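*Asks:* Below are the chains, spelled out letter by letter.
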Amino acid sequence: MKMTKLSALAMTTALIAPAAFAEDMANELTLVSWGGAYQDSQNKAYVEPYLAANEGVSAVWDESSAEAVAKLRAMNEAGNVTWDLVDVVASDAMRLCDEGLAAELDHDADLAAAPDGTPATEDFGDLLVSECFVPQIVYSTTFGYRTDLVGAEAPTSVCDIFDLAKFPGKRSLQKRPIDNMEWALYCDGVAKDEIYDVLGTDEGVTQALNKLDSIKDSVVWWSAGAETPQLLADGEVVMGSTYNGRLFSAIAEQNQPIGMLWDMQSFDLDGWIVPAGLPADRKARAMDFLKFATDTQRLADQAAYISYGPARASSAPLVGKHAVLGIEMAPHMPTDPANSGNVHTYDYEWWADNRDDLDAKFQAWLLQ
Amino acid sequence: MSDTTQNGPVLAADGTPLKRSLAKALRLQKLRALMLIAPLLLFILVTFILPVGDMLFRSVDNRIVQEVLPKTVVALESWDPASSELPDEAVFAALAVDMKAAAELKVHTRVAKRLNYENPGMSSVFRKSGRKIRKWDVENDGPYKERLIELNEGWADLELWRTIKTYSGTRTAGYFLNAVDLKLGAEGVEIRPETERIYNTMLVRTMRMSLIITFSCIMLGYPVAWLLANLPTRKANLLMILVLLPFWTSLLVRTSSWKILLQQQGVINDVLVWIGLVADDNRLVLINNELGTIIAMTHILLPFMILPMYSVMQTIQPTYLRAAKSLGATNWTAFWRVYFPQSVPGIGAGSILVFILAVGYYITPALVGGTKGTFISNLIAYHISTSGNWGLGAALGSILLAVVLLLYWVYDKIVGIDNVKLG
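Quick mapping for you: the protein sequence lines, in order, are chains A and B. Letter 46 of the first sequence, counting from 1, is numbered 46 in the numbering used here, and no numbers are missing. Letter 237 of the second sequence, counting from 1, is numbered 237 in the numbering used here, and no numbers are missing.
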């Protein structure tokens, strides 16, 4: 009796299982992103077109990208991952990949080729920094300043941030060691290509923190990207770092008296990861969406809504005008030659390896 | 008459001893009561006590090292951490096998993270090596001591091996020690280097600021509660609405409003500059420091002080005051000797409520506290959601819980918890 029941069960499973695999994909898609103007640009550029092309599929947004690493860890421990695609910055993607929380991808097989047939790995090039990561945009963390409050002479160098005599007043910096430590060393006389070698030593860390100490009392620390534009608009700070897209919207869309200081802007990438261990039907849907959402045209479309550069080389020539304002977007992109004269090349791998160490030291310095 | 002279136990109507039958009836009653609260009890157990317990358990849990590096831990048993020599080839070989297995499952980063809390710098050694060892053939690629050190010279660091050995047990006091700025070295407990000491400062600051906030709430809340209890009903109702209106408003909205009021280009500074009390280029710094946190949190927690005070003051008979005055007391004596002692239970209830809420407060200090006005709860949040050091977060949380319980006990000894009234 027991045997027959069991074998009957086995039979049914055997019959259903292949069907389930061949069956098309789950109809629900849970996307995790950053909210605000950035998520809107994703929604308009590829989520809405995807849903229009695939009837019966619905997408749910979860604005948890800022805490994606911690939340994915918790979901993984609980054995219940509810997200299908997660938008994270490159260093988080590398951490998730290293910890086995993000699925490894075969970029050429899983992603669309460029219209001229260039395979995805070549089209994305160096930006494929992790085998779990599909970049969408290149953004930069850079400075904005109040044109009416900095005096007659506008700041031209990142080191003006550290010059309290020339530019008195408060400045806002992100509450994390990344970028701030590099800028501090650069302005303390360390050559650009030696920054990470110096930062790798205890003396280098102390040097960077000492430099930051010189302006510590004049710094307002931010943790959400919207804070610096608000602080600038209120006149609370005279200059501050934030994501370039936020400054673009403060300048071009809200007409605030803010100028861009692109010197030593720090390039970073933002893109998708697929959580590890998804059920087959959900994974199939996520991969299908991923292929669509990261093709050449979709990434170029996104640039019409926000001033972040598309991660594919083949998308760049297709970048046009702002969807609402009608202004040319190219001069506002961090990758534009006029803006990228002196950039800071942010070393993802170095930070993935050393983040834990420096976070602890920076946090302790901050509170002392 | 005959009953009372009997020596046996008193019997119920059905012949069983009365005591037993009474106990049975009581037990049934208790059981029924338990059944009634069972859903709530289960709910609290499953959604609150178990998760909190599980989280607190992480503060001593250290299974990760043995799980990820099982062979290394065994091989290290014979190594003397006090010696000035590196472990022998067998240990390095065991490490290579463990690391390859771990790197394939990508769990080596987790043990790297764990050990990095105790010895900053180890994370990068594990992470960098893991990427390479993944491709090794661990059967034949010896000798490992040289190969590993060649791969990353971090493996030649005695301190690294001492850390692995010290933290190879399944339970650890490391997180709790870290939470009070200590660490477990090879020769027992030692103080952390100065650049890593923050938690004691934060705990003391949290306690001190919570006391200041509680005290300001008493000073501001007492007159309001008195007015509420003594005004004619219509005026008192209006005043009550004024107290409750902010109470019903979202916490974030209230905190953000304080930002607008307090900042250097904000309303308060603008007014002060306009009436000439403050120079335009020397505006007051009222936010992103301790002062900002104290102002905003006093305002936010004020209703929690006023409401218990009010409900206690309402029960104080006005006749007592009149009696005191008719016996010759001045206004002040009547208040201080007659009215105030009767209102103390309300102050006690409000203070406990405000203090305990303040100690665990997190959003308001994060938004208006800058770096000098944040609480230990902000560090707990940082470790839970950003740094991923759940063990340390759990240890800090346990300490906070213990401190609050201790203060509660002290309060009970000094004032008496029976004296607390919520109405």
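Hints in this document: simulated from the structure, not taken from any laboratory. Be a bit skeptical, because a hint or two may be false.
[Stated by the list, open to error] Covered by chain A, according to a simulated footprint, are these stretches of chain B (three or more residues, beta-carbon under 8 angstroms):
1. 153–167
2. 198–209
3. 302–310
4. 324–332
5. 365–374
6. 382–389
Remember, predicted model here, so these are calculated numbers, not experimental data. Beta carbons: idealized from backbone N, C-alpha and C, even for Gly.
*Asks:* All the hints need checking, so say for each whether the structure fits it.
*Replies:* Each hint tested on the structure:
1. 153–167: This one is violated; 0 residues, fewer than the three required, reach chain A with a Cβ under 8 angstroms.
2. 198–209: Check passed, 3 qualifying residues.
3. 302–310: violated (count 0)
4. 324–332: Violated: only 0 residues of the stretch 324–332 of chain B have a Cβ under 8 angstroms from chain A.
5. 365–374: Held - the stretch 365–374 of chain B has 3 residues with a Cβ nearer than 8 angstroms to chain A, which meets the minimum of three.
6. 382–389: holds (count 6)
The structure does not agree with the numbered hints 1, 3, 4 stated previously, though it agrees with the rest.
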